[in-house]
Amino acid sequence: MSATETVTLTIDGVAVEVPKGTGLVEAALAAGIEIPVFCYEPRLGPAVGACRMCLCQIEPGPPKPQAACTLTAQDGMVVRTALTSAVAADAQNATLEFILVNHPLDCPVCDKGGECPLQDLTFRYGPGNTRMTFPKRTFEKPIPVSPLIALDRERCILCYRCTRFSEGVAEDGQLVAVDRGAGTMIATFGDEPYRAPFSGNVIELCPVGALTSTTYRFEARPWEILDVPTVCGMCPVGCNVNATTREGNVKRILSRNHPEVDDGWLCDKGRFSYAHLHAEDRVCDPILRVRRRGFEEVSWERALDEAERLLREANGRIVTALSGSETIEEAYALGKLLRRGLGAHTAFFPEESSDALDAFRVPLSAIRDADVVAVLGDAPVVERAPIVELWIKEARRRGARVLYELDEEAVRGAETAILVWCGPGGHGGATVAVLAQRLGLSGAFYIPETANGRGVCDAWSCSDDAESASPDPIGLLIVSGDEAAANPDVRALAEKAERVLVISMFQGLAAGWADLVLPGTSYLERDGTYINLEGRVQRLRRTVIPPVPDELAWISKLAERFDVELSPYPALVFEEVSAIAFGGIPFGEIGERSPLPAATGASAQIELGEADGPAVDGGLRLVRYRPLFSGPAVERVHELDFQRPQPEAELSEEDARSLGVRNGEEITIRSNGTSVRLRARLSRELRPGVVRVSDDFAGELKPAVEISK
Amino acid sequence: MASEQRLIVMAGTDERDLTRLAEYEAIDGYSALQKARGMTPQAVIDDVIASELRGRGGAFFPTGRKWSFVPKPEQNPNPHYVVVNADESEPGSFKDNEIMSRVPHRFLEGCLIAAHAIESKNVFVYIRGEYTGPYEILLAALKELEGRPDLRGDVTIVLHRGAGAYICGEETALLESLEGKRGQPRTKPPFPAGQGLYASPTVVNNVETLATLPPIIEMGGAEYAKLGVPDSRGTRVVSISGHVERPGNYEIENGTSLRELIYDLGGGIPGGRDLKAVIPGGSSTVILKGDEIDVGYDFNSLLKLNTAMGSAGVVALDDRCCMVQLGIRISEFYEHESCGKCTPCREGTRWMTQILRRLESGEALQSELDLLLDVCDRINGKCLCPLGETAAVAVASYVEKFRGEFSAHVEQGGCPFGDASPLHDVLAPVAMGGHLPSAVPV
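Protein sequence lines, in the order shown, are assigned to chains A and B. Numbers 52 to 760, taken from the working numbering, label the letters of the first sequence in order. Numbers 27 to 468, taken from the working numbering, label the letters of the second sequence in order.
Because the hints were derived from the structure by calculation, they are not lab data. Do not take every clue at face value.
With a straight-line cut-off of 30 Å between C-alpha atoms, the simulated DSS-like cross-links for lysine-lysine are [stated by the list, open to error]:
| no. | chain 1 | residue 1 | chain 2 | residue 2 |
| --- | --- | --- | --- | --- |
| 1 | B | Lys207 | A | Lys115 |
| 2 | B | Lys147 | B | Lys169 |
| 3 | B | Lys98 | B | Lys207 |
| 4 | B | Lys147 | B | Lys98 |
| 5 | B | Lys214 | A | Lys71 |
| 6 | B | Lys61 | B | Lys147 |
| 7 | B | Lys207 | A | Lys444 |
| 8 | A | Lys71 | A | Lys608 |
| 9 | B | Lys330 | B | Lys207 |
| 10 | A | Lys71 | B | Lys252 |
| 11 | B | Lys169 | A | Lys115 |
| 12 | A | Lys115 | B | Lys214 |
| 13 | A | Lys192 | B | Lys207 |
| 14 | B | Lys169 | B | Lys252 |
| 15 | B | Lys207 | B | Lys61 |
| 16 | A | Lys444 | B | Lys214 |
| 17 | B | Lys147 | A | Lys115 |
| 18 | B | Lys207 | B | Lys252 |
| 19 | B | Lys330 | A | Lys115 |
Beta-carbon label-pair distances, calculated as ranges [to be verified]:
| no. | chain 1 | residue 1 | chain 2 | residue 2 | range |
| --- | --- | --- | --- | --- | --- |
| 20 | A | Gly234 | B | Gly173 | 25 to 33 Å |
| 21 | A | Pro646 | B | Thr182 | 48 to 56 Å |
| 22 | B | His186 | A | Ser759 | 41 to 49 Å |
| 23 | A | Phe240 | B | Glu271 | 46 to 54 Å |
| 24 | B | His186 | A | Asp126 | 24 to 32 Å |
| 25 | B | Lys214 | A | Phe693 | 17 to 25 Å |
| 26 | A | Glu705 | B | Lys214 | 36 to 44 Å |
Ideal Cβ positions, reconstructed from N, Cα and C, are used throughout, including at glycine.
Please put together the full structure from these sequences, using the hints given.
Here you go:
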């Protein structure tokens, strides 16, 4: 690679050399100088120059102050900010005076107060008092933009960050500016709720307290909170987040920009699900089935005795059903206890996993820079790994061709082509790797269904080498975690098991079929590690102390009873796994923004399996998917109810044409004597021959379906 | 300069109904297009540069130079676009209305010449939504052209009606609106020449500018440049309105004195009243006092008085007019038309109106006059586009030139003119076609 071309410019007398094309705001930052901004946010696309906060004196250029945010550094440019230019200082002061003319200045009751860019910049650059003696502009407030977001139009400074996000990043086009001039308002079309998977980002983008979270409103002040850096555990992307805590409770989730993983965006599931920590049916004590009275809460001592008894009585005929949401340490600990202590090697994994794609490992951000992105597998990416969808959208905006059907010529012809596999037939990435190898791809991703399925699988296999035949009948089924508890296949296994031990956070999921329920914890309450869909090992931190001991604590206690040596400390447990699987990196060195391990050499040739799902003769193939806003945690956060999927079936435009179906029309989907009636939604992101319906509405439909009006 | 009209853009309208293609062709219409097509695009650009034609929309940018900034197709393979700014919305200007209504074919011929010059196959005419009359006339003229591939060539001309926003007369807001987005200006750079409509090379020209092209090509740029005065060559269609006997459009040679425009062409002030002030180039320009009108109506002469021809809307105000009321009128207009994108314009124009209203009511303090000037000063030079800036400059000029009258509002605790100020005659609709010689009733 050639050395980056640089330019040298002077900012407030400081000479600074930056790569060509660097924006002036960033160039100034490199010189340690602030150019204040409100509307400027490079992640939202080209600068718009709307707020006029960044006005500086710049030569060469017209004598009047220039919006620095819209300019890039040029050789020999002389920039004078408010620090050294009276013209710039007056211009910035003027901008703040104008912004404050109609701003309510209700900082004492505003959620943003204390962490508000408008407050900060006013103190640094603004007028000390007001010359405005007229009644300020007023609006009805707060407006519920959605059950998650409240809009205070009086505080809004019309920087258009939120509408630019909606239009240009999430591409949902739902948040818009209506009216004009001083009467301009942020609104949704027809005052419909802002119903889109990434809506919460506008709260974080808002530089004032105009868009606030309904769940955080009036909950805390910035000087009494503690932000704990951790990783979201709601999907396999593993967005880096800060959990804002106050007095031991999580109050909100904010993004903690990892530029390779999430680019500072979160989905609403990751942002708002934290309320499940306080679910009404949270299991806070072990629950034991007692024959005559049903259930009773028991002490931990009693619970461990019961657990020990169940384990011993099963006599090794144990199956462990995992969720894929356990930390690596937890899964390893369970594995070590059960496999080494009891010789119970049989596990039921939530999904297949494979290391075959490690040869094609690239960061998610590589999607953005690809020329061709092939999105295959037919399941909707946004429902499984929402942030990946944003990377794909950005790639498309930058000119990439996004294919939803494999066009080998286009893929081979591209300089950089990336494959994203989402849906059935990927075999944990194994078949995807074969495809990637055949096509000579720059990178490939397999999108799993669980947040840490890969890590759980790896940890389980690290915990012991021995194997055993699947027990039949099953003496004891251990159900680890809520996702496993909610899994119908696991429930079916339980029917065949003599005894069931469930580890769960929620009574609603565990009670009724378990002989013993041990309280579970959430990803927000654990220390440990996850592996995301890139293969990146990331650190989870305990953001709050859970109301129950975490899994590692009691598993290690239980392990003592079976003479298995197991530390209750994640750092020590990780060390054991790391020695086998991660080249011995210590827990403490994973860091807050963990790096992506280098791609491995191409793995041995793998046989290409059925990469396309079951073939269907004629008719259409139904792809059913788990919607993003579902699962045990989401179902306990009522603010997210409105985000549940609509009764819709997605059809490709081509199929819709040949069936004579219009967008929004009611259709009947039929298979083997069962049928459902749904609204058709035409999608350009679906190949012909496939119809897509969320699990919520797919009923008993089989893969081969027919559609009629 | 003689106080008579010089018909270049409007030539032939005194004898024929040039809205009809046959009539236009009878006076050698579209022959300039044929001549231009016989020239290389660069030769056309050079000829327009030689003519020293400058944009008639208000910014007065040299047209030929603007074209020369457009990359050649081999430099940028994207489609090239000619976009016509027919969104004439400046209070006091109504010249494009009459040009489109009276010489639609000359205008369209100009569009086709421009398309040839920048090697464009697509012309978009963004016409003010309220201009239903000119729209119908252009539509009919286009229909006539449709049957004439020899004239139209392979160029597509699309008429697009605006939806009533003054800001869409700003070229980048116009492009946004044309693309189907909210009409708000873009930051420049990038300029439309390189990245205009759909991020492709684009020239945006005013109606009159384009309608001037056929005569320029016909007579040759150098010949055209003999008309007018240095830096302001050729003619200008001027809209004269307000307190004059004969309001309407007049085509004059640049450099004609403003006094002649008002007193000879416009027929002077009704009732023999005194001229108090003149808005020389549409509502956006710095006002002139009644005794400042012995000045050539051209770029340099007006620049010496810190004002401009703008979009050539001359508005005369007689001695009964209240300058505070005029300020409110203008400020309200800009407040209403501010797009809301940039802070100083959005908040500042509203604040200006509030202060002016309080002045008019007599409840203001003397210090608020300085506050008003300071607010104007804080808007000026800090906005994204010229809208807010011109509002500030215009209103500030009223205060500076009529400070005594503004002070009187404070001292007397009310408006010295009260309801008698006849501003309803000002910036009000003017009948078209009354004063340009016309062969047909308009």
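Cross-check of the supplied hints:
A hinted pair counts as satisfied when its Cα atoms are at most 30 Å apart, and lysine 207 (chain B) with lysine 115 (chain A) qualifies at roughly 29 Å. As the CA atoms of lysine 147 (chain B) and lysine 169 (chain B) are separated by approximately 18 Å, the hinted pair is consistent with the 30 Å bound. The straight-line distance between the Cα atoms of lysine 98 (chain B) and lysine 207 (chain B) is roughly 27 Å, inside the 30 Å bound, and the hint therefore holds. Of the pairs offered as hints, the one joining lysine 147 (chain B) and lysine 98 (chain B) holds, with about 13 Å between alpha carbons and a cut-off of 30 Å not exceeded.
Between the alpha carbons of lysine 214 (chain B) and lysine 71 (chain A) the distance comes to roughly 19 Å, so the proposed pair stays at or under 30 Å and holds. Proximity of lysine 61 (chain B) to lysine 147 (chain B) is assessed by CA-CA distance (about 18 Å); at most 30 Å being required, the pair is judged to hold. Taking the CA atoms of lysine 207 (chain B) and lysine 444 (chain A), the gap is near 20 Å; set against the 30 Å cutoff, the hint holds. Taking the CA atoms of lysine 71 (chain A) and lysine 608 (chain A), the gap is near 59 Å; set against the 30 Å cutoff, the hint is violated.
In summary, the hint linking lysine 330 (chain B) to lysine 207 (chain B) is not supported, as the alpha carbons are separated by about 39 Å, beyond the 30 Å threshold. Note on lysine 71 (chain A) and lysine 252 (chain B): the hinted pairing is violated, with a Cα-Cα distance of about 47 Å set against a maximum of 30 Å. Pair hint lysine 169 (chain B) plus lysine 115 (chain A) does not hold up; C-alpha atoms about 47 Å apart against a cutoff of 30 Å. Between lysine 115 (chain A) and lysine 214 (chain B) the alpha-carbon distance is near 14 Å, which keeps this suggested pair within the 30 Å criterion.
Among the hinted pairs, lysine 192 (chain A) with lysine 207 (chain B) is consistent with the structure: their alpha-carbon atoms are about 28 Å apart, no more than 30 Å. The suggested pairing of lysine 169 (chain B) with lysine 252 (chain B) is violated, with an alpha-carbon distance near 36 Å, which exceeds 30 Å. In summary, the hint linking lysine 207 (chain B) to lysine 61 (chain B) is not supported, as the alpha carbons are separated by about 38 Å, beyond the 30 Å threshold. Using a Cα cut-off of 30 Å, the hinted pair lysine 444 (chain A) and lysine 214 (chain B) holds, with the two alpha carbons roughly 26 Å apart.
For a cut-off of 30 Å, the pair hint linking lysine 147 (chain B) to lysine 115 (chain A) is broken: about 38 Å separates their Cα positions. Annotation: proposed proximity of lysine 207 (chain B) to lysine 252 (chain B) is violated, straight-line Cα distance about 43 Å (limit 30 Å). Distance hint between lysine 330 (chain B) and lysine 115 (chain A) is fulfilled; the C-alpha atoms sit about 20 Å from each other, no more than 30 Å. Here the CB-CB span from glycine 234 (chain A) to glycine 173 (chain B) is close to 47 Å, at odds with the stated 25 to 33 Å.
The hinted window of 48 to 56 Å between proline 646 (chain A) and threonine 182 (chain B) holds, with their beta carbons roughly 54 Å apart. For the pair histidine 186 (chain B) and serine 759 (chain A), the beta carbons lie near 42 Å from each other, so the given range of 41 to 49 Å is met. A hinted range of 46 to 54 Å holds for the C-beta pair phenylalanine 240 (chain A) and glutamate 271 (chain B), which are about 52 Å apart. One distance hint, 24 to 32 Å for the beta-carbon pair histidine 186 (chain B) and aspartate 126 (chain A), is violated here, with the actual separation near 41 Å.
Between lysine 214 (chain B) and phenylalanine 693 (chain A) the CB atoms are about 42 Å apart, so this pair departs from the stated range of 17 to 25 Å. For glutamate 705 (chain A) paired with lysine 214 (chain B), a C-beta distance near 42 Å keeps the hint of 36 to 44 Å intact.
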